[in-house]
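Protein chains in written order, with the numbering used here: chain B, 1 to 359; chain R, 1001 to 1507.
No lab work stands behind these hints: they were computed from the structure. Certain hints may be false.
In the BS3-like style, the derived pairs of lysine-lysine whose C-alpha atoms are separated by at most 27 Å in a straight line are [as the list claims (entries may be wrong)]:
#1 Lys230(B) to Lys1451(R)
#2 Lys1313(R) to Lys230(B)
#3 Lys1029(R) to Lys1181(R)
#4 Lys1248(R) to Lys1387(R)
#5 Lys230(B) to Lys1378(R)
#6 Lys1265(R) to Lys1248(R)
#7 Lys1089(R) to Lys207(B)
#8 Lys1265(R) to Lys1225(R)
#9 Lys1248(R) to Lys1451(R)
#10 Lys207(B) to Lys1368(R)
#11 Lys1363(R) to Lys1319(R)
#12 Lys1029(R) to Lys127(B)
#13 Lys1274(R) to Lys1308(R)
#14 Lys1319(R) to Lys230(B)
#15 Lys230(B) to Lys1269(R)
#16 Lys1119(R) to Lys127(B)
#17 Lys230(B) to Lys1317(R)
#18 Lys1248(R) to Lys230(B)
#19 Lys1058(R) to Lys338(B)
#20 Lys1313(R) to Lys207(B)
#21 Lys127(B) to Lys1308(R)
#22 Lys1387(R) to Lys1451(R)
Covered by chain R, according to a simulated footprint, are these stretches of chain B (three or more residues, beta-carbon under 8 Å) [claimed, not checked]:
#23 147-154
#24 200-209
#25 321-331
Glycine is no exception: its CB is placed at the ideal position from the N, C-alpha and C atoms.
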Amino acid sequence: MRNTIVSLISIILGLIAGGLLMLFIGASPIEGYTYLFQGALKNISRIGDTLATATPLIFTGLAVAFAFRTGLFNIGASGQMLIGGLAATAVALTFDLSRPILLIVMVLAGILGGGLWAFIPGLFKAKYNVHEVVSTIMMNWIAYWTVYYVVPAYFKGEFLETESRKLAEESTLRTPWLTEMFQGSYINLGLFFGVIAVLIVAFIINKTTLGFELKAVGFNRHAAEYAGMKVNRNIILSMLISGALAGLGGVALYTGNASSIQIGILPSQGYDGIAVALLGANSPIGVFFAAILFGILYSGTGFMNAMIEIPPELANTIIAIIIYFAATSVLIHRVLNKFRKTTSNANDVNGPVGKKGDS
Amino acid sequence: MSYVVEMLDIRKEFPGIVANDNITLTLKKGEIHALLGENGAGKSTLMGVLFGMYQPEKGIVKIREKEVKITSPNIANQLGIGMVHQHFKLVENFTVTENIILGSEPLKGLVLDIDKAAKRIAELSKHYGLNVDPHAKIEDISVGMQQRVEIMKMLYREAEVLIFDEPTAVLTPHEIDELMKIMRNLINEGKSIIIITHKLKEIKAVADRCTVIRRGKGIGTVTVKETSEAQMAEMMVGRQVNFKVDKKASTPGEVVLQIDSLSVKNNRKVMGLKNFSVEVKRGEIVGIAGVEGNGQSEIVEAITGLRKVESGKILLKGKEITNIPIRQRIESGIGHIPEDRHRRGLVLDYTLENNMVLEVYNKPPFAKAGLLNGAAIKKYAKSILEKFDVRSGEGGASIARTLSGGNQQKAIIGREMELDPDLLIAVQPTRGLDVGSIEYIHKRLIEHRDKGKAVLLVSLELDEVLQLSDRIAIVNNGELIGTVIASETNENEVGLMMAGVSKERSV
C-alpha cells in the first residue's frame, strides 16, 4: 500500500518535472501531455501498440524483480532477451511445423536461451563468488557479438546484411483476430504470455516453498544456510528463472512486435527492466502497471513530437525523473510521515522499525 | 540537589505498543544512574527520546533545569548529551583519530589538521586513563578498545551526559572491569552517566541510583547501596526471581552425540580445532567452557554442518553425519540456537511467522506439494510465541527486525525447542536477556534434558556453564584441556583450565 503511494507520487512528480521542462523549451505542458496521452491511447489501434510496447518491459521488469527478491542484481536482461529472441527466430526460420506447435517450440527456445544466459552468471556466483553484476554485463556483450555473428552467417536477410530474414506472418506471435480487434495494431500474443508470467511469478513468490526459500536467501543467506536451505542451488535457480523471463521478453520483442532480429543493437528494454522493477517495488503486479506506464510514455512520444515542437527525447527524460524520485523514495517516505504527523498529530509511523532490532 | 537531566512523564507510542507510559527519570550531576528493565521494557526507547531519535507524545525534558525540545541527535550533542551505542558506529579502515573527528574535522586552512586532533585525543586519553592509541586502525584493535573510541568520541565533543547502551554485552570479563574503572574516572571528572543494562551485578558494582521500568511503565527509582539484587530483580520482573538453578542429578543414558578426534579449520584457514573428542549422552547437559575464540564456534559449526571437517568423525545416535547436508542433520534431530541471532538465527526482514517455520516450511502441515499453508504457519507460530512469551507490536505478523534483541532470542529458542531435537546445541542462549528470561530459558534447557534429550551448551558466561552443565569440557587454543564433573569442580579450577593449565585428574 505504502509502496504504491510512493510510486504514484514519484510518477506525479516526474510528470510535473516533465511539464516544467516543456515550459522551459517554450511549449505548453497541457498541450504536450494531451498529445502524449492521445498518441498512446487515442484510438483502439494506438492502445494496442501501447500494450505491445509495454509487453517486453513486463518481462524484463519481472526478470529483474524476481532476481532482486533473491538478492541478485540481474543487469543482463538485454543479453538474455537477445539470446531468447535469437533462439526463437532460429526455430521459426529453421523448422517447418504447424503453427501451434511452432509457437510452443519458439517460446520454449526463448525460455531456454534466456535461461542459459543467466544460468552461467548464476553458476559463477554460486561456485566462485563472481559478482553477478559484472558477469551479466559481460554476458550482454557475448550475446551481442553472438547475434552479430550468427545472424549474417545463418539467417541473413534478403536485402539487408544487418538483420535476419523476415519471419512469415504465421510464424510470429501476431494473430489475425487480435490484429483485427485492435484495428491493425502490432499487438500480439506476447501480452497474454506477459500477464500469465505476472500471475505465475506472483504465485511463486508468495505462495510456494520455492518462493519462501528464494526470499530467505535474498534477505539473509547466512540464516538460509543455517536453516538447511541450499543457498547456491537457490541462487542458480533464481537466475535461471529470471533469465527465462527475460528470454521470453526477447521472444515477444523479436517475433511479436517485430518480425526480424537486428545485429549491433542491445535492446534498451533490458535496462528499462531495472527501472520498471524499481518503480513497481519488485512486486509482480507493480511491475505490470509500471510497464504499462512506460509503454504509454514511449508510444505517445512520437505523436507528441509530430503535433508540436517537443523533442521525443522528453519521454525518456520524464521516465528518468520518475526513476530518480522512485529511487530516492526515502525522501518521499519522510515527507509522508511529516504530513501525517501534522494532520493527525499522533503516531510516529516510522516506528521503531530498523532501530529496535539492534538493541 | 541539581539535576543535569530531568525526563518527566514521558509517553511514547508506537503502532500497537505504548513503549513508554509516563516514565520519569532524573539524573544528578556526577552520578552513575542505571536504567534497568526487561527486554523490550522500553529502555532503549526512553534513551532514544533523550538522544533525539524519537519525539515523545507527552512529557517534558529538562537539561540543566531548562526545558528543551530534542528533535535530533545533533541537538542532543549540542546540549552535551552523548551516546555509546551497543553496536559501534565506527569506520573499520579509518584510524582512531579519523573516526573521532568524523563530522567535526579540524581544518588548517583548507586541509585537515589531523595532528592537532591526534594530540588532543592523546591528551584526553591520558587524562581519563583510556589508553587509546590515536593512530591505530579500528580493524586492528579489540572490541574493548573500540568501545573506548566511542567513549572518546563523546569526550572529544565535550559531552557532559554520557549514555551507555548495554555496554558490557560485547565485552570479556576483564574488559568489563576496565570499563567500570573508566566510568568511575569519568564521574570523578564531573561527567554524569546513564547506563542501560539488565545485569544486576554491574549495577551493584558501579551505579549510584537505579530506575526500573517494566512493560513501558516506570516502577520506581532506588538507591543502589540500600537495595539488594533480589529486590531489584523483583521490581524489574514483577515477581520473585530464583537465581539458583534447581535441578536434579542427571541420569545419563545412551550416547547421542559422539565427536571423535575432530579437526576443523577456522576463518583464518588454520586449524581452529585439533583432535577434539567429546560425548553427549541422553539426559545430560555438557557445557563447553573456554575464552572466546578458542574453538567453540568451530565445534558447533562442524556439528551443524556450517563448516567443513578436515579430519575426524561426528556421530549422531550412532550414525555418522560428518559430511551430510545441513537439512538432513536438522531432520535427524539436531536443534541449534546460534551464537549470532542477526546473522544466522533470523531472517530479519521476514515476519515472525515465517521465521518460526524457517526449518520446517516445506513439511506438512505447513506445505503440501510445494504450496505454503498460511493458516497452519500462523497457528504454529502463534503457539510458540505465546509459550515463550515473545512480545511484539503485531504478534506473528511483526517483522522480526522490529523486535527487541531479547524477544528475538526468545523466538529463536522457542523455534528450536519446538522441534524437540534429540541434540540441542545452545550457544550463548541467554546472551542479552534479562534475569526473568534467563531463569525461564535455563528451566527449559533442564526440562529438555530431563525429557531424555542431550544438550550441548556453549557459553562464555562461566556462571552459566557451571550452573547448568552436568559435565564440562574445557577448550583452550582449539584443544580439549580436560573434562570435569560440574558438581565436583569450581570456578577456580575451570578458570585455570580455560587458561590452558591442564589437570591430571580427568574424567
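*Structure versus earlier hints - violations, ascending order*: Hints 1, 6, 7, 8, 12, 16, 18, 20, 23 and 25 contradicted; others consistent.
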